[in-house]
Amino acid sequence: MKKALGLALAVLVTAAVAASAQGRPKAAEASTAVSCNSTLKIALVTPLTGGAGFLGNEQASWAKYAVKTLAKPLGLKVQLVLGDTPVEQGAAVAQTLAQKYVADSKVVGILGPSTSGAVAASSETYGQAGMAHISPSATRTSLTKGAKLEASNAFFRVVPGDYIQGPSDAKFMVDKLKVKKVVILDFQEPYSVGLADSVEGALKKANVSTTRLSAPNTTTDYSAFVTRVPSDADIVFFPTQKPGDAQTFGQQLLEQGKKAKVFGGDGSNNAAEFKLAGSYVSNFAPDITGIPEDKAIIDGWKKDNKGKAVGSFGPPSYGATQVMLQAIKRACVAGKGTIANKRAVLRQVKKVRIPNWILGGEFRWSTKSNDPLNAKFYIFQIQSNGKYKLVG
Amino acid sequence: MSDSTPHSSQTPASGPAVGQDEWVARHAERRLVRSGRLGTIETRLRRVPWWAWLTLFVALFALFPVVEPSGYVRRVAFDTVLFMLLALGLNVVVGWAGLLDLGFVAFYGIGAYSYAILASDKFGIHFPTLATIPIVVAIGAVLGLALGLPSRRLTGDYLAIVTLFFLQLFQTLMVNGDNVYGHNLTGGPNGILNVDPLHAFGHELAVQHEGVFAVSYLYVALAFFVVVFVALRFANLSRIGRAWRSLREDPLAAEAMGMPVNWLKLLSFACGAAVAAFTGTLFAALNASVFPLTFYFVLLITVYTMVILGGSGSQPGVVAGALIIYPLLEMLRDPNKSRVIFCIALIGALGLAFKLTRTLAIVGLATLAFGFLVHGIAGAIDDSWTSGENAPGFAGVLAHWVVVPASLASWVAPVTYIGVIAAALGLTMIHGRLRLVLLVPTLYLAAFVWENVMLAKPEPARYIVLGLILIALMILRPNGLLGERRVEIV
Amino acid sequence: MDTFIQLTVDGLTLGSVYALIALGYTLVYGVLKLLNFAHGDVFMVGSFIGFGMLQLLGGSADPVLPTWLLLTTITLAAMVGCAGLGVAVERFAYRPLREAPRIAPLISALGVSFFLANSMQLLFGANPRNYDTFALSGGALYFKGVDIGNVKVPLLRIITIAAAIALMVVLWFLVNKTKTGKAMRATSYDREAAAMMGIDIDRVIVFAFVLGSALAGAAGVMFALRVPTQVSIGFIAGLKGFTAAVIGGIGSIPGAMVGGLILGLAESYTQGYWDTRWSDLVVFSILIAFMIIRPQGLLGRADLRKV
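Chains as they are written, first to last, in the working numbering: chain A, 1 to 392; chain B, 1 to 490; chain C, 1 to 307.
What the hints contain is simulated information worked out from the structure, not anything from laboratory work.
None of the values given here were measured: they were computed from a predicted structure.
Be aware that a few hints might be false.
[Said to hold, decoys possible] List time: in silico EDC-like cross-link candidates among lysine to aspartate or glutamate, alpha-carbon distance up to 16 Å:
1) A:LYS106 <-> B:ASP334
2) A:LYS181 <-> A:ASP234
3) A:LYS259 <-> A:ASP232
4) C:LYS33 <-> B:ASP334
5) A:LYS178 <-> A:ASP221
6) A:LYS41 <-> B:ASP334
7) A:LYS145 <-> A:ASP197
8) A:LYS178 <-> A:ASP234
9) A:LYS258 <-> C:ASP2
10) A:LYS64 <-> A:ASP304
11) A:LYS68 <-> A:ASP304
So here's chain A without its partners, still in its complex pose (with noise of 0.2 Å):
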């Protein structure tokens, strides 16, 4: 009796307490008014610890240096905050963090997500609450284009997506190569994958015969892999986010004698660690080593990072950050020196032009999509001093 009565109870309390609160959602928005002049936060949501940490790392360290070397001459005070989301977890750390950014009415923008899953995953909630959010790596297709697309029209992107490195990097293979046989390779999680399926696709299309391969994202000996490459195929195309791992399989491929040559994308940009003489690399950017103008950030970000190499996801997070201090500044232009809320970053982003864009050229985003204009890929090979060379 006493057990149903307490059980009774509990339930009725329960219920009672959830019947009043409902439908009395608090939005975040209310009073969340910020002065230019105190310290504002922009977040960098990145995978920084785990497998893929090492890109976050680096991620961070040129967010850092882009924050210091630039909120003071437009004449703000900006902490980076950095939100880790390893890729171990999954993408409901991204959520979570998302919650706890769109709550905090400091937080005027978004680095980030780096991982296109994570953008998947927490895109709806910036969108609904009006916050910028721009990825300088998340190039997943389905981000912005084709019939559904994952993320809201609050997120933006500083490098081309897949759809653009996909066809362009098989146009070289088949136009520069003149490849027959080419074997796919994709590492079981987004990013590979998808930029693998687009490269096959276009592939098949100029009727080069293909070869998938799909390897678990935990696989760190690829000899079976070298083994399944036929002594007839052109090119392996693997797009890793892990250099080393590209310099493995190049020379696990020469130890068995096979005559495929690696072609990485862009993840696989790293002069330090993938420096096998013939094999190719795709990349968003020239090597930024070689733009004169980028020499004074070049060298002033490795006065910061000693020891550290220039890899290929570090400036495009710089220039993300720079997008997003611009926008900043658009806003409290614009408000009189007080940002009303988060949409208004929100609406200055897409009017953001960079004349001097760290990856070369001018930076303005496209009319049709959040994605940069004319972007194009640039494919190098790397040459027997390790150097790379631009090539097509």
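Assemble chains B and C onto chain A, guided by the hints.
Here is chains B and C on its own, set in the frame of chain A:
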């Protein structure tokens, strides 16, 4: 140690009575109770019926969003309730039946994926929630039974291996399920998106309002929690619960007494799996997406820490464990909060170790003095050695005590970290006054390492704290906060 | 036929590393009846110690020692370092729990594994570390080798397999022909009886940990010579080593060796002949099949429990 005396809180029955189990009736006499005022308080608190505690707890939790409007905090509260549910489920298998199930979070994932498949655009199936939830729970229970089948012949360690591999199997299947002979079954690493929110009676429960977490989900979660807590409690107080306890204490004796040991094991697996699957539906509905990597090792260790901390075998205990660990993990993401937590933890640990004695005062003052001394000397030698922190607030205040260099040479972090671990471990081997003397610099070094090394990277630091909690718990207090000490008769 | 030989060579190389890790599990399980979940992370630490040592000795582009001496030095350094780590872990995380219920050291092992992996990440970051063996003596380790039919087996793989076999022989000798080895075997049969016979159980257990961890360290270096190492490899390597130990029969030293090789070959053949994605699945299915049909593994003893 405060002294305890066996104490009976109710008058014993006058002689054996028919139909009444005297041993069970006199169980209160066998409880050790503290004497003195603390003892009376404890006895009075124990008299409060369990459902009153539950109601109070739920009411407080439900009132929480009223005082805290931040969507983030409410979301953390929701996640905590999910973890409480998971802890309750794991408690059934590990705490009550005594089986080490390392594949538990796979059922969480199975529940989430089943819900996602049955209520999303993936295959175009959109079952109403009231139909999906029982189906998902049933799937979870059946698969729990399936996992339990090999356990009939396996003992502790082997069972742990098989369940761990079941988790790995689940991962592999989910990640590769996007190309099973050309069919995309599970979405692979991209997961399943656009999962329906909960809907019943024609109304859909929106997941967020303008980006902010919808508090109604917190209440749904609390309702789930109450149902599961009460149901499991009834199960525990019944014959099945007693049978589980006998299985846990000594499987061989239980079998000899005629307990259907195999069936009990299967039942515990099925129950735990059903609870996890139940929780999975809520998880999938709120996040509107499922990804395979969420349900993996890190989550497993987190739930285990909650169960062990709270006291495996005790339902209020594991709930308390979840309540402590998850918000702690979230707070440790933020360096400012981490700092405060560290200081509180340090003072608390010292307090527990030395109680309120002279030694505590001496050690505390000595550490403070030592710190100021080192800080002063370091600042005098080179100003950049102490000028790293100039933020206002607690960080700045603390920076007068802890040495915070402007920039850290790369050898400092590994050397000091390993140094502090070695020092702490070495201290456990020394005894007497020397130990107290060496404790002071070790404490200061620990503060230094925390401030400079671990706060620089809060993410691995969180998990290091989790791992240390687990190890320390097993060595110092394996029964956790509210669990009962178990003795294994070898 | 060429593919078969190639895959077999691949499998044996992989299998040697797994066998060494499995031996560590088996040794510890034999004396303590504990599955040391932290073993995989000791393996990972070994590969990092090897990397550090390599950098100290000039890096592979410009080493101060000739190749053979260099490789031996870094392997020894890793073995010594890991042995120390293993002893510390045993002393502080497992010894206090020797009389506790069986579940306690298992959970403590989980905690240690977590702690080690995240500490390494805290200190050294998540970047992969490449030994860059290719640069060592101009790629000699990759290009010189032995030819079997049409397949060229490079020196690097031969070294890996040979070193593993050598270490296993040394281990066999230590376990079967020395007094401490005998004490270890006695302890694994019956700990209490061994104690009553005057064997110092603590020292025997430390000996087992030293051997097991040293082997893991050597495995770490051999692994990292061929592929870049990261802080996150510990968990999976531990699982695979585990699987190998269990398939071969946990508690049995020749079983661990056999299990490791079988596992490596199974993985290699599955990836080569069937589909690369299901290699993990096949491995785990083999394990689960063994657990259900023959829990004591191939060469293990079916334990009779005395009541």
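Hints and how they fare:
1. A:LYS106 <-> B:ASP334: Distance ~15 Å between LYS106 (chain A) and ASP334 (chain B) Cα, so the pair holds.
2. A:LYS181 <-> A:ASP234: holds, 6 Å
3. A:LYS259 <-> A:ASP232: Answer holds: LYS259 (chain A) to ASP232 (chain A) is near 7 Å, not above 16 Å.
4. C:LYS33 <-> B:ASP334: Since the Cα atoms of LYS33 (chain C) and ASP334 (chain B) sit roughly 41 Å apart, the hinted pair is violated (cutoff 16 Å).
5. A:LYS178 <-> A:ASP221: violated, 30 Å
6. A:LYS41 <-> B:ASP334: Distance ~14 Å between LYS41 (chain A) and ASP334 (chain B) Cα, so the pair holds.
7. A:LYS145 <-> A:ASP197: Distance ~15 Å between LYS145 (chain A) and ASP197 (chain A) Cα, so the pair holds.
8. A:LYS178 <-> A:ASP234: Holds - the C-alpha atoms of ASP234 (chain A) and LYS178 (chain A) are around 9 Å apart, at most 16 Å.
9. A:LYS258 <-> C:ASP2: The given pair, whose Cα atoms are some 13 Å apart, holds under the 16 Å limit.
10. A:LYS64 <-> A:ASP304: The hint holds at about 10 Å.
11. A:LYS68 <-> A:ASP304: Holds, at about 11 Å.
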